[in-house]
Every structure is written in C-alpha cells, then in structure tokens.
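Asks: Read off the chains here:
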Amino acid sequence: MLRKLFKFHGGVKPQTNKTESTTQPIAQVPLPDRLVIPLHQAVGGHPRPLVAPGDKVFKGQRIGGADGSLSSAVHASTSGIVHDVVPALMPHTSGLTTLSVIIEPDGEDRWGELDKVNYRRTPPDELRDFLRDAGVVGLGGAVFPSYAKLKPGKEGRLKTLVINGAECEPFITCDDLLMRERAADMLKGIVAMRHMLQAEEVLIGIEDNKPEAVAAVQAAIAASGQSGIEAVAIPTRYPAGGAKQLIRVLTGIEVPHGRRSTDFGVQCFNVGTAYSIYEALELGRPLISRVVTVAGNVDRPRNYEVLIGTPMDHVVRQSGARPDSDRYIMGGPMMGVRLPAFGVPVVKATNCILVGSPALFPPPPPEMPCIRCGECAKACPADLAPFEMYWFSRSKNFGKAQEYHLFDCIECGCCSFVCPSHIPLVDYFRFSKSEIWARERDKEASDAARDRFEFKNFRQEREKQEKAEKLAAKAAATREKVAAEGQAGTTSAAAETPDVAAKPAAPSAEDTKRALIAAAMEKARQQKAQVAPKNTEQLSTETQADIAAIEARRAAAATPPTPDA
Amino acid sequence: MLTALLVMTAVALVLGALLGYASLKFKVEGDPLVEKIDAILPQTQCGQCGFPGCRPYATAIASGEADINQCPPGGEEGIRKLADLLGREFKSLSEEHGVEKPKSVAVIDENTCIGCTLCIQACPVDAIVGAAKQLHTVVAGECTGCELCVAPCPVDCIAMEPIVDTLDTWKWRYPVIQIKQAA
Chain A
30 MLRKLFKFHG GVKPQTNKTE STTQPIAQVP LPDRLVIPLH QAVGGHPRPL VAPGDKVFKG
90 QRIGGADGSL SSAVHASTSG IVHDVVPALM PHTSGLTTLS VIIEPDGEDR WGELDKVNYR
150 RTPPDELRDF LRDAGVVGLG GAVFPSYAKL KPGKEGRLKT LVINGAECEP FITCDDLLMR
210 ERAADMLKGI VAMRHMLQAE EVLIGIEDNK PEAVAAVQAA IAASGQSGIE AVAIPTRYPA
270 GGAKQLIRVL TGIEVPHGRR STDFGVQCFN VGTAYSIYEA LELGRPLISR VVTVAGNVDR
330 PRNYEVLIGT PMDHVVRQSG ARPDSDRYIM GGPMMGVRLP AFGVPVVKAT NCILVGSPAL
390 FPPPPPEMPC IRCGECAKAC PADLAPFEMY WFSRSKNFGK AQEYHLFDCI ECGCCSFVCP
450 SHIPLVDYFR FSKSEIWARE RDKEASDAAR DRFEFKNFRQ EREKQEKAEK LAAKAAATRE
510 KVAAEGQAGT TSAAAETPDV AAKPAAPSAE DTKRALIAAA MEKARQQKAQ VAPKNTEQLS
570 TETQADIAAI EARRAAAATP PTPDA
Chain B
5 MLTALLVMTA VALVLGALLG YASLKFKVEG DPLVEKIDAI LPQTQCGQCG FPGCRPYATA
65 IASGEADINQ CPPGGEEGIR KLADLLGREF KSLSEEHGVE KPKSVAVIDE NTCIGCTLCI
125 QACPVDAIVG AAKQLHTVVA GECTGCELCV APCPVDCIAM EPIVDTLDTW KWRYPVIQIK
185 QAA
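Residue numbers (the numbering used here), protein chains in the order written: chain A, 30 to 594; chain B, 5 to 187.
Be aware that a few hints might be false.
[What the hints assert, rightly or not] Calculated lysine-lysine pairs in the DSBU-like style (CA-CA distance at most 35 Å, straight line):
1. Lys105(B) to Lys429(A)
2. Lys472(A) to Lys85(B)
3. Lys472(A) to Lys425(A)
4. Lys105(B) to Lys472(A)
5. Lys36(A) to Lys462(A)
6. Lys217(A) to Lys36(A)
7. Lys175(B) to Lys425(A)
8. Lys42(A) to Lys178(A)
9. Lys429(A) to Lys95(B)
10. Lys85(B) to Lys462(A)
11. Lys29(B) to Lys472(A)
12. Lys485(A) to Lys85(B)
[Stated by the list, open to error] Stretches of chain B that chain A covers, calculated by requiring three or more beta carbons in the stretch to come under 8 Å of a beta carbon on chain A:
13. 49-61
14. 129-137
15. 170-179
Think of the hints as simulated: they come from the structure by calculation, not from any bench. Positions of the beta carbon are idealized from the N, C-alpha and C atoms, including for glycine.
This is chain A alone, in the form it adopts within the complex:
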C-alpha cells in the first residue's frame, strides 16, 4: 500500500553534503585523557552533583541527579576518578560556564551495576522515573527529557507515534548511520515507546535521500514481525525533520499555534532517542554516548560513537583536522551554533561537529536593506511572515513582533537562506526572543518587588499601631492601679481622721501623674540598689586598693561640695 503523503509550507533545498561521511561505518573514539561532563544537559534544571573530587566512579554511574520536572540525570561515561567538580566552558554560543564533573579515565572502562527493567510488567510511572534516572533525552538536538513526553494524552492512548529519521540538515548523517547499522535494536526501543504510549500505529519518517536506511529499517520491521509499524520515505526538503513539519508530511495534521501535537493524538521522537531507550530498558545502560557526525573541513568525514564529555577537538583529530579550521559548529550549517572554543565537550545535544574554515564558510555578504520581496514568507515552514518580524525585531518593537507569532519560529534558517539581501533574519529573531524573555523576567521581578515593598509598609504601619495600642493599654492599667492604691490610702487615712474623709475621694490627674513618677523613681532606686559588683572574689590586694581608690573618688564626686569649701 502506498501511503498518501502531505506537503508542508515552504522549505528549501540546500546542498546536502551527506555522502562523504556515510562511506564508513560508525567508529569508536579512543578514550580521551579527560572527560568534562556538564551537569546541565536537558532543557530544564541544573542537576546537583552526586560525586565529589577524588571519588571513584564506574561507567554508567549516576553523577548528577535530576532537578525539577524537565530535568534528567547525568552519568559517568567511563570508569575513573573524579578529578574535580567545577564550572567549565560549555558548548554554547554564549561562552558561559556550567557546573561540570571532570573525570580522569582509568582506562578499564568498567561498567557499574546495571539495572534492567521489563517494560511490559512495570507500571508507567515507574518506567518514566527509570528513564529519567537513565538520563534519556531527545537526541534530535532539543534535549527535551523523553520521560516527560512518554505520557499518553488525555484519552489514555495515542493515535500515531512518529519516529523522526528525516535528518534534513546538511552534513549531518548520524541518524542515517544509526538506522543502517542498528535498525533492529532501535526498533526494540520503538516497540517499548509504543507500549508506553499505547500508540495505534508507528510511522518512521526517513528522507528519501537515505535509501539504505529506509531499506535497513524496513528489513528490521519485517524481521521483527511487528504490525502497525511502517518506515516511510518522505521527499527530501529542508526542514522535513522539524517535528511539526514531519507530522504534517506523514499524517496531514497541521498543529496550530499554541497547541501541541498530543492534542491531536500524535507524538514525535528521534531515532537516536529510540535507540537510547532500547539501551536503557533492555541493557540497563544509561545514556552515556551518542553517534556524532564529524564533517566539514576534515580529511575523513565520518560518524563516531562518542562518550558524552569527550572534548570535541579530540574527536575531530580522529578525522584529520585541517590546519586552516577556524571554528566548530555544533549542529548543521542551517541551525547549528558556533562554539566558543575547540575543546568544549560533546554533550547529549551534539549530533554533529561541523568544522568550519574561511574557505568552506566564507563570511556572509554584507547585509542589505530589506526590499520586502516576500521570499522569506514563501520559504517559512511555520507559515510566518519573517520580513514583518524582522522589521519589528530590528526596531525593538517586541510587542508587534510577538503579534506576528515570533514564538512559533523554529529558527530553521530557511528565511536567512533565501534572503536576497543576505539579512541574518534568524539572528534577529533569536535576539528578539531572548529580549522578550528577559523582559518577562524583569516584569515578574518588579511585580514581586512591588508586592514586597507594599507589604513592608503595611507591616511597619501595623507594628506601629500594635505598639501604640500596647503602650496605651499598659498606661491605662498602671493608671488604674495607682488610682486604686491612692483610693485605698485615702480610705485608710479617712478612718483615722474623719474630717478628711469629707473631701472628694477621687485623686486629681495631677496627683496620679505625680504618684506614677514617684513609683517609677522608687523602682529605679531599688533596681540600682540591687546591682552588685561582679567578679569581686579572689582579687589581688592591688586591685582591691584600686577599687577602693575609685570608690572613694566616686563618693567624693557624689557629695556636693560644701559652700564654704
């Protein structure tokens, strides 16, 4: 049966440059001298380190615990000694550091204890926790924790499970090679995911420029005897590997603004993720390595199975780095990000290390004014109007940019690719997005500050009032007490001298005040008398003499000088 395929809007056809790196099978990279494993490797959270410098770790041992709902655990990629837990440069354009565990391999590459799990007998919640602790995240590049996506929707079952083997970005071939070489195991992972999601059908979308991969996956499906799983060759068109675009091509469903594909009974996973789910469930191996394409300005472009934390220059050296290389790009030429240094580690998001040189990627021609030709809108796979968003981003009118659905932009780079004025449109959109996020954070912070300021004022006002009330109550109580005493005094006096009793018994306010002052003075005098000097025992005669002299002086000062003196 020939499946009906659909088309997504826009898209481009850049040169694929995939053939060079697919001639050789996936190779292993020798152990580097040092592994730098960043703890922040999923979209959310900053996992806390579970090891300390000097600890011995086994391969696959958990070194970072998941932090929050969208976080995932991190594991030691090989056995060795923890050298340090320090912030280290991470593979990110910003050049910022993040807390990383540095491991010195002992060369034994010894696994620790591995927990396998039978997914058919384990309750779904436990299974998700297991995958979280196995550090399984989306290997397509977004590193979204897979356990959070492995929940069937509200209906309890999914209609279609889409497996993304499109790999549309130029130069990248890691998924291609994975499908060619490990289709059977990957399929086991897919079957497990299908079980967790209760999916009716599974569609594996592979671009038709990878016939070997399509054939390998189809053969694996036939060999496994599974029904309802189909490998579909889809037309090669960038960005067919975008989740929404692939869903559109395979199912015809267009996920609208503000909705998720699960609302329509569809969920999408990368083939690499499927393979790592197989490794986690059936072999008990957490995600500690991935297939990485090394391409671009190297002698032998190839795919490698790389341990997470391996320095990128170590991997590139296996392929023969050329001396004129001036930059590494993580990802492909369309969406990849330029890295701050050659020695940054391979992380779970690294699908490709693209080595650049001035000859391979010459500097872009100068930016020219936008002529509003609309080519970008024609190419936009998200059906946006990039020229409008560009205009408002450029003038920093972020509200307007958002009105044109800036946040639906997947930053695929099609608009920049077709722009006849060579405008780096995606750079403007990234700038706009991060500015808007920053503003939202500032707004939240200032709202919180306003609330706290108002509460502080309210609290101070309340405390003042409470204090005043307390004082008033105390004063009233004392006044009453003194009045009562005064009355008692006058009555007793009246008993002795009957003629005084004829006077009004209530004392005047003046009298009460005077009595209060007298009482307070009496109290102070008593307190003063009670104070005894401390540390007066066991004094040397000298100190005692000193004290006596001081006392004498004090007494002399206290007695008022006699007028004739």
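Use these hints to put chain B onto chain A, whose structure you have.
Replies: Just chain B now, kept in the frame of chain A:
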C-alpha cells in the same frame, strides 16, 4: 413654548440624575494613570528620584510635581516609555538623581557583619534576613539592587556586585551590521 421648556428641564433632570448615579456607581478608585506609570517604573524602591518609593514617584509624575527623568534604575528606556505614555518629549536622565548602572545585588561580607540589623531596617523589600547579633544575609533573588542598605552599615560590609549572566539569563546580542565590510 412652556412645553418645550418643561420637556428640556425634564430631560436635563433625568440626564443629570443618570450622570450622578453613574459617577457614584462606576467610581474609579485611585488614579489609573498612577497605576500605568507605576507599572513602567522598575520597582527598585531606591528613592533616588527623591520620593520614598516608586509609587510616590508615580503619583508625583501624574500630578505634575516631578519630571520623568529622575529614575536612574529605569534608565533611558524607562524614560522613553514614560514619555510615550504621557505624550511628552524624551529627556536624558537628570544628573542630580544619579547615573544608570548595571543591575547588581547587595552582598554581605560574612566575616565583617556584626549583626546590627540596620541594613534589615533599611531594606525596602525585606530581602535581608538575620537577627540582632546574628549574621545577616541577602536573599539575592529578592534584592532589587537599591543600595539603601549600603550607607547604614556601620562596618561597611555590604558591597554591590553586578549580576553575572547565567545560561538562563544570557541574551542573544543585537545583530551587528558591519559598516566597514559593507562599504
């Protein structure tokens, strides 16, 4: 003639009553303009504008007592927003009220703090915790960087440290147009 007068009077009375009722029923509490201005102000509560907090300054702007360029933490962008809102001309930040600085938070040197609670009393947003003769510390997430705690400290143990970028706050820069290359 008389009918016309009577009709007009009656209409005037009815409408007047309606308006009077509406003014009571739909009475707006507070000045909505003050709210709008207050929303633009950064809520640092630093008092550099000469008013005890952002809201009093907003009230003063609304009533015309204060100018729009007295808020250093809001910076030029804040002045621009205020100018837009109030339909006034943009002015640069008034120098007597201070200069725009990078955002920072107060940090207490734990070795020097004597636990006098003066900074706690000065903090407008209750972002310093501690007690008498106990070490104080700043809750960095709540600190607005107003610097009001710096002056009261008798041992000068509070320093303002600029906020450094983290992965969560890092921003893509504005694309630079290289004029030299373009020429």
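Asks: Take the hints in turn and mark each one as holding or not.
Replies: Verification of the supplied hints:
{"no.": "1", "hint": "Lys105(B) to Lys429(A)", "verdict": "holds (29 Å)"}
{"no.": "2", "hint": "Lys472(A) to Lys85(B)", "verdict": "holds (14 Å)"}
{"no.": "3", "hint": "Lys472(A) to Lys425(A)", "verdict": "holds (17 Å)"}
{"no.": "4", "hint": "Lys105(B) to Lys472(A)", "verdict": "holds (18 Å)"}
{"no.": "5", "hint": "Lys36(A) to Lys462(A)", "verdict": "holds (28 Å)"}
{"no.": "6", "hint": "Lys217(A) to Lys36(A)", "verdict": "holds (30 Å)"}
{"no.": "7", "hint": "Lys175(B) to Lys425(A)", "verdict": "holds (14 Å)"}
{"no.": "8", "hint": "Lys42(A) to Lys178(A)", "verdict": "holds (30 Å)"}
{"no.": "9", "hint": "Lys429(A) to Lys95(B)", "verdict": "holds (25 Å)"}
{"no.": "10", "hint": "Lys85(B) to Lys462(A)", "verdict": "holds (20 Å)"}
{"no.": "11", "hint": "Lys29(B) to Lys472(A)", "verdict": "holds (33 Å)"}
{"no.": "12", "hint": "Lys485(A) to Lys85(B)", "verdict": "holds (28 Å)"}
{"no.": "13", "hint": "49-61", "verdict": "holds (count 4)"}
{"no.": "14", "hint": "129-137", "verdict": "holds (count 3)"}
{"no.": "15", "hint": "170-179", "verdict": "holds (count 9)"}
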